[in-house]
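J.: Given chain A's structure and the hints, the job is docking chains B and C onto it.
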Amino acid sequence: MSEERRDVLTGTYFVIGDVAAAEGAIAAGCRFFAGYPITPSSELAEHMAVRLPEVGGVYIQMEDELGSMAALVGASYAGAKPMTATSGPGFSLMQENIGLAAMLEAPVVVVNVMRGGPSTGQPTKPGQQDVMQAKWGSHGDYEIIALAPSTVQECFDFTIEAFNYAEQYRTPVIVLMDEILGHTREKLVIPEPDQIRVVNRKRPKVPPEEYKPFEPEEDLVPPMAILGEGYRFYATGLTHNEQGFPRTDDPYEQEKLVRRLCDKIRRNKEKIVRVEEYMLEDADVAVIAFGSVARAAKAAVKLARKKGIRAGLLRLKTIWPFPEHIIERLAESVKSFVVAELNYGQIVREVERRVDYRRITFLPKFGEALHTPHEILEGIVRSVRGGKP
Amino acid sequence: MGRYEIRLGGLGGQGIILAGVVIGRAAAVYAGMNAVMGQSYGPEARGGASRSEVIISDEEIDYPRTLEPDLLAVMSQAAYEKYIGDLKPGGILVIDPDLVKVDDRAKKASKIYAVPATRIAESLGRRIVANMVLVGALTAITKLVPKEAMENSVKASVPPGTEALNLRAFNTGYEYGLRLLKEGEVEVKA
Amino acid sequence: MTTVVVEKLDVFKTHPLGKYLRRGMIPHIWCTGCGYGILMGEFLRAIDELGLDPDKIVIVSGIGCISRIPGYLNLDGLHVTHGRAIAVATGVKLANPDLHVVVFGGDGDLFAIGGNHFIHAARRNIEMTVICGNNFNYGMTGGQVAPTTPLQGRTTTSPYGNLENPFNLVYLAAAAGATYVARWTAIHVKWLRESIKKALMKKGFSFIEYISPCPEYYGRRNRMRDPLDWMRWFKEKSVIMNGIDPAKAELSMDRIVVGEFVDYERPGYVELLKQLERRVQESLKKRGIRTHARL
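Residue numbers (this note's numbering), protein chains in the order written: chain A, 1 to 389; chain B, 390 to 579; chain C, 580 to 874.
Hints were generated in silico from the structure; no laboratory data involved. Among the hints, a few may not be true.
Derived pair list, reagent style PhoX-like, types lysine-lysine, alpha-carbon separation capped at 25 Å [to be verified]: (1) K598/C - K205/A; (2) K212/A - K635/C; (3) K532/B - K571/B; (4) K269/A - K256/A; (5) K490/B - K471/B; (6) K865/C - K544/B; (7) K816/C - K827/C; (8) K212/A - K592/C; (9) K307/A - K477/B; (10) K477/B - K306/A; (11) K769/C - K827/C; (12) K635/C - K205/A; (13) K477/B - K302/A; (14) K212/A - K598/C; (15) K135/A - K271/A; (16) K269/A - K317/A; (17) K202/A - K635/C; (18) K544/B - K864/C.
A few chain A residues facing chain B, derived, Cβ under 10 Å [said to hold, decoys possible]: (19) F14; (20) H183; (21) T184; (22) K298.
Sample of chain B residues with no beta-carbon within 12 Å of chain A, all distances over it, derived [said to hold, decoys possible]: (23) E470; (24) D487; (25) K490; (26) L513; (27) G514; (28) A529; (29) E552; (30) R557; (31) N560.
Virtual Cβ for every residue (Gly too), placed ideally from N, Cα, C.
Here chain A stands alone, though its shape is the one from the complex:
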């Protein structure tokens, strides 16, 4: 028993999504968690509070979400792989320092177990209303990566992937879960440690006197020195040059920096984006959904097929960067789209940027519960009839 690793608890379990995400984080090498309790993410923090001391990590409950997110940036620069977990109201407070993490290119992971909003909203009910906030929540131009699991297993898998993306691209990565996933128990298989791919940030290859903390390599990502290693670097939230020095009045440096912060994600979009394509090969109508809703959508697609309707599902596993190239390709082969989400229209706007809105049937849902498969089936039927009920 003592030979076994405490960080990767290889085995089969029946746990909630919050716990699976926490275990995924630890398996990915997360050893720092700073957070603030909020339903429906608190179970994730509680699990980290039990687990992190066991693996030599640090759990701290901060005074608020502003401080939690700030602590993550500090811990990231001190060499840790840090994470926090929250829900809508806390996610709003974190935006300030998600922007800081984007600017300082600090690898951090934020799990947002979405509930109904706005404001305090519905603490114990699911939502998918933070899609746009995840992308545009902090001020200024930047890109982030957001993943959206649909099962408890994916809460584990995608959290590992979130850390890998964060480390690879030096960017904040958001895991957009929802209350249903957070609180639903399901089978979780934790593989052997050698079956888990773990990516670590690039480190400087040059001595301190030659090191420029924001000088990118070909992939536009700069190697990252760690505090206390002798690199004696300076990182500022002000517009800075490659050396890290403030260049707030220099339009050239501003353009160079902002372009790089965005392009390091945009140019790697095709490597980052993950989708599941289900029965789309011959589909006339494509349902687009993510998270828990995608499971209702898959059930609906099966029902539609039974009725002889050629429906398929495009499940978004990554939300940001948005898989517009895949939507564009799909628009060539399908006649119409159905977009189902637990909000009043967020993903559908992104789809509309690539597809004529007249080809889209939008199925919003507000709080309390998931779409039922029959509700989505109804949308599919309406969609193949050209929008007529």
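T.: Just chains B and C now, with coordinates in the frame of chain A:
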């Protein structure tokens, strides 16, 4: 076996949630099947009513919520009133007859089983294990998940130190369930 | 004809503290008569005299004039969001307890927008040093009212006089749980240096309030436009009262009580965290289990 939906309803303190966990864990962890379990959260969970729902399948489970439970087990009149409408026509209804009186609406069930789980638990000395008596009976009645898998799940799910008591409750419920299968179901008195 | 090559004077080499300054970042942005240069100098003398490994010192700052310090120092430095320096520093310290973590912040940064982080870091007794440059107003943004602006003090946003009672920062720090608390002005350079040394070696949350002249902004509106006005004020009105109850450590135009007010020991957060970690891991070993979590 395809998708099978179970809903358990009762009062806070009856261990309804743990009963769901035991069934789901048995299927998912110890029987190589898939299981999804949801439960009532928040103010609802702290008040009187308690509910858990488990979906079991040997295939991938897409929709993670129960739509029309194949089996409804209720341990309070309030839960019966609230959930009987959702029971799939031809489904199975299990009640604790000391706590629940059924009416005409129960006729949609193909079978009704009366498991006096609370009384049996009291006879074992601890009313608190009524949930495991119920789980035992359900194991016998549904034959969904092998008994050994259920026993392993009971051991893994109950508070440490209470395994023996809970297993005794489970087995007593299981035996009771087997007897019910032989003797048949209860009559619905409208 | 011979050419004489005159080597350019390299202060980074010739000045005794030059090795601590970051090439490319000097000159600084501070106004004539600002007190932050004095503070920065004394800080450098303090780490030099202590012989601390410069590679193991991390400076964290938020937004404000004083927050430019990590840019000027040839040490690891993070210049982060307004008010959040202590929270960022908390992350740094907990992720690598071997580092000396120092926060420089202004009165607005640390006690208005960042006040919550300050009191909680002090309460937790996180092993870090926080040095607040108190100049009675928001200098960087052009001289607005701050939580330390004296009653009736005039600023751009209290043009008719400040209605709000200012914080007594040392009293606040002591009440929140800081284990070392001191206050000095820009004329108390030797005391300041010794105080910084003590703070840096403290195994807990240490806090120094540094009263700094701000002739350009606060002074302009309050009849202290000349830097010397400030030095005279400090010289004439300050009194050293070590060990006095910080509640009684007055800071007004009539009297500036300076000194060390708090200095005691209680376990720091990192120390407690390490103890907890040991306890948890020993329990796992003893019970022969991988985790305490019920999965």
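J.: Against this structure, judge whether each hint is valid.
T.: Structure-based check of each hint:
1. The straight-line distance between the Cα atoms of K598/C and K205/A is roughly 24 Å, inside the 25 Å bound, and the hint therefore holds.
2. As the CA atoms of K212/A and K635/C are separated by approximately 19 Å, the hinted pair is consistent with the 25 Å bound.
3. A hinted pair counts as satisfied when its Cα atoms are at most 25 Å apart, and K532/B with K571/B qualifies at roughly 14 Å.
4. A hinted pair counts as satisfied when its Cα atoms are at most 25 Å apart, and K269/A with K256/A qualifies at roughly 19 Å.
5. Distance check on the hinted pair: K490/B and K471/B sit about 13 Å apart at the alpha-carbon level, within 25 Å; holds.
6. As the CA atoms of K865/C and K544/B are separated by approximately 22 Å, the hinted pair is consistent with the 25 Å bound.
7. Annotation: proposed proximity of K816/C to K827/C holds, straight-line Cα distance about 15 Å (limit 25 Å).
8. About 22 Å separates the Cα atoms of K212/A and K592/C, which keeps this hinted pair within 25 Å; it holds.
9. Among the hinted pairs, K307/A with K477/B is consistent with the structure: their alpha-carbon atoms are about 22 Å apart, no more than 25 Å.
10. Between K477/B and K306/A, the direct Cα distance comes to roughly 21 Å. Compliance with the 25 Å bound is thereby established for this hinted pair.
11. Taking the CA atoms of K769/C and K827/C, the gap is near 23 Å; set against the 25 Å cutoff, the hint holds.
12. The hinted pair formed by K635/C and K205/A meets the criterion: a straight-line CA distance of about 20 Å does not exceed 25 Å.
13. The straight-line distance between the Cα atoms of K477/B and K302/A is roughly 20 Å, inside the 25 Å bound, and the hint therefore holds.
14. For the proposed pair K212/A and K598/C, the alpha carbon gap of about 19 Å is at most 25 Å, so the pair holds.
15. For the given pair, K135/A sits about 18 Å from K271/A by alpha-carbon distance, which is consistent with the 25 Å threshold.
16. Restraint check for K269/A and K317/A: the C-alpha separation of about 13 Å stays at or below 25 Å, so the hint holds.
17. Simply put, K202/A and K635/C have alpha-carbon atoms about 21 Å apart, close enough for the 25 Å limit, and the pair holds.
18. For a cut-off of 25 Å, the pair hint linking K544/B to K864/C stands: about 22 Å separates their Cα positions.
19. At a threshold of 10 Å, the smallest CB-CB gap from F14/A to chain B is about 4 Å, leaving the interface hint in force.
20. Taking 10 Å as the C-beta contact cut-off toward chain B, the hint placing H183/A at the interface holds, the least distance being around 6 Å.
21. Below 10 Å, beta-carbon pairs count as interface contacts, and T184/A has one with chain B at about 5 Å; its hint therefore holds.
22. Interface restraint check for K298/A: the shortest CB-CB distance to chain B comes to about 4 Å, inside 10 Å, so the restraint holds.
23. Residue placement check: E470/B keeps its beta carbon more than 12 Å from all beta carbons of chain A (closest about 20 Å).
24. Non-interface call for D487/B relative to chain A: holds, since the shortest CB-CB distance, roughly 29 Å, exceeds 12 Å.
25. Listed as a non-interface residue, K490/B keeps its Cβ farther than 12 Å from every Cβ of chain A; the least gap is roughly 30 Å.
26. With a closest Cβ-Cβ approach of about 26 Å to chain A, L513/B is found to remain outside the 12 Å limit, as its non-interface label requires.
27. No Cβ of chain A approaches the Cβ of G514/B within 12 Å, the least distance being about 29 Å, so the stated non-interface status holds.
28. Non-interface status of A529/B relative to chain A is upheld: no Cβ of that chain comes within 12 Å, the nearest being about 21 Å off.
29. Distance check for E552/B against chain A: the nearest CB is about 17 Å away, which clears 12 Å, and the non-interface claim stands.
30. For R557/B, the non-interface assignment is confirmed: its Cβ lies about 23 Å from the closest Cβ of chain A, beyond the 12 Å cut-off.
31. At roughly 22 Å, the least C-beta separation between N560/B and chain A is larger than 12 Å, which holds for a residue marked as non-interface.
Of the numbered hints stated above, none is contradicted by the structure.
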